[in-house]
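**Q** These protein sequence lines are chains A and B, in that order.
With our numbering applied, the first sequence corresponds to residues 1 to 137, in that order.
With our numbering applied, the second sequence corresponds to residues 138 to 268, in that order.
Bear in mind the hints are in silico, worked out from the structure with no lab data behind them.
Take the hints with a grain of salt, since some may be wrong.
Pairwise CB distance ranges (calculated) [what the hints assert, rightly or not]:
1. A:Trp100 - B:Gly207: 46 to 52 angstroms
2. A:Trp100 - B:Ser234: 33 to 39 angstroms
3. B:Ala249 - A:Ala43: 23 to 29 angstroms
4. B:Ala178 - A:Gly44: 18 to 24 angstroms
5. A:Gly44 - B:Leu200: 17 to 23 angstroms
6. A:Met1 - B:Leu203: 35 to 41 angstroms
7. B:Leu200 - A:Phe4: 32 to 38 angstroms
8. B:Ala249 - A:Val77: 30 to 36 angstroms
Cβ atoms here follow ideal geometry from the backbone N, Cα and C, with glycine treated the same way.
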Amino acid sequence: MRAFLQRLALAFSTGALASSAVLVLASLLGRAGVGPEQAPLLAGNILPRVAEGAAWGIPLAVFLGRAWSQVMLAAIVLSLAPALRTWLVGGPWPAASGPWAPAWILGAWALWGGILGLLGAWLGGASKSRSGRGKRR
Amino acid sequence: MRELARRMAFLFFAGALAGAITSLGWWLLGAAGVLAQWGVALAPELTLEWLESHLVTGGLWGLLLLPFLGDTANRLLGLGAGVGLLPACHVVMVQWSRPTEPGALAPVLVLAFCVVWGLATAGLVLALRET
Numbered sequence: 001m002r003a004f005l006q007r008l009a010l011a012f013s014t015g016a017l018a019s020s021a022v023l024v025l026a027s028l029l030g031r032a033g034v035g036p037e038q039a040p041l042l043a044g045n046i047l048p049r050v051a052e053g054a055a056w057g058i059p060l061a062v063f064l065g066r067a068w069s070q071v072m073l074a075a076i077v078l079s080l081a082p083a084l085r086t087w088l089v090g091g092p093w094p095a096a097s098g099p100w101a102p103a104w105i106l107g108a109w110a111l112w113g114g115i116l117g118l119l120g121a122w123l124g125g126a127s128k129s130r131s132g133r134g135k136r137r
Numbered sequence: 138m139r140e141l142a143r144r145m146a147f148l149f150f151a152g153a154l155a156g157a158i159t160s161l162g163w164w165l166l167g168a169a170g171v172l173a174q175w176g177v178a179l180a181p182e183l184t185l186e187w188l189e190s191h192l193v194t195g196g197l198w199g200l201l202l203l204p205f206l207g208d209t210a211n212r213l214l215g216l217g218a219g220v221g222l223l224p225a226c227h228v229v230m231v232q233w234s235r236p237t238e239p240g241a242l243a244p245v246l247v248l249a250f251c252v253v254w255g256l257a258t259a260g261l262v263l264a265l266r267e268t
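Same shape as in the complex, but just chain A (with noise of 0.2 angstroms):
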């Protein structure tokens, strides 16, 4: 119970952690004319974002502690669900209008997955082994 409840707060603030980056770096990007330009930076617009961020992160709890590759395979994969909502119901984050929005929408999410399972792995004290296991001779 204690172990689950660890790798729940593990990916609960990993996900927080991987969407404030995302948007300081979405917002950079937008202030130089590189990207959409998003909404200001502002306790208004970030504390949202960063809480949706957490809250689909926590699913990771499930793959914490497995090898790198499945907990990285897990954490992208996850980032499709937010991504394809975005992209299809509409959200605020990340601003984007355009041909190129669902690029941006993805590009995002999927920058989200990657620092997810980054850190997810590293605080979860993943193996580098394939099973997880450690390889036997």
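Assemble the complex: chain A is given as a structure, and chain B must be docked to it using the hints.
**A** Showing chain B alone in chain A's frame:
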């Protein structure tokens, strides 16, 4: 390094969960008309954005318990209640123009809820940590 990051993740999660629980408690008091009865004009509407904001701020305030994570259970609970005073002070002294702006009882209620938040955060951290 990794152990420190894990501890911070536990604290953020505990603070966020406690923040969500106490926010729901506050909303319940407002929805039940208790806050209005006590003359406190702070009955929030239950929206996802409102709850999410309290979730994240609760998690950030929870990080203040980081130096005390290894303390005994009783000490950690006491420190949790103590740390709860800080968000209460922030709300009353920074967010409001006058301490009694939303009602005479408002500062006392905020203080009580923040202390409960601190206790809940410390309790969750105790459930999360190894021993």
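**Q** Which earlier hints can't be squared with this structure?
**A** Hint check: 2, 6, 7, 8 fail, others pass.
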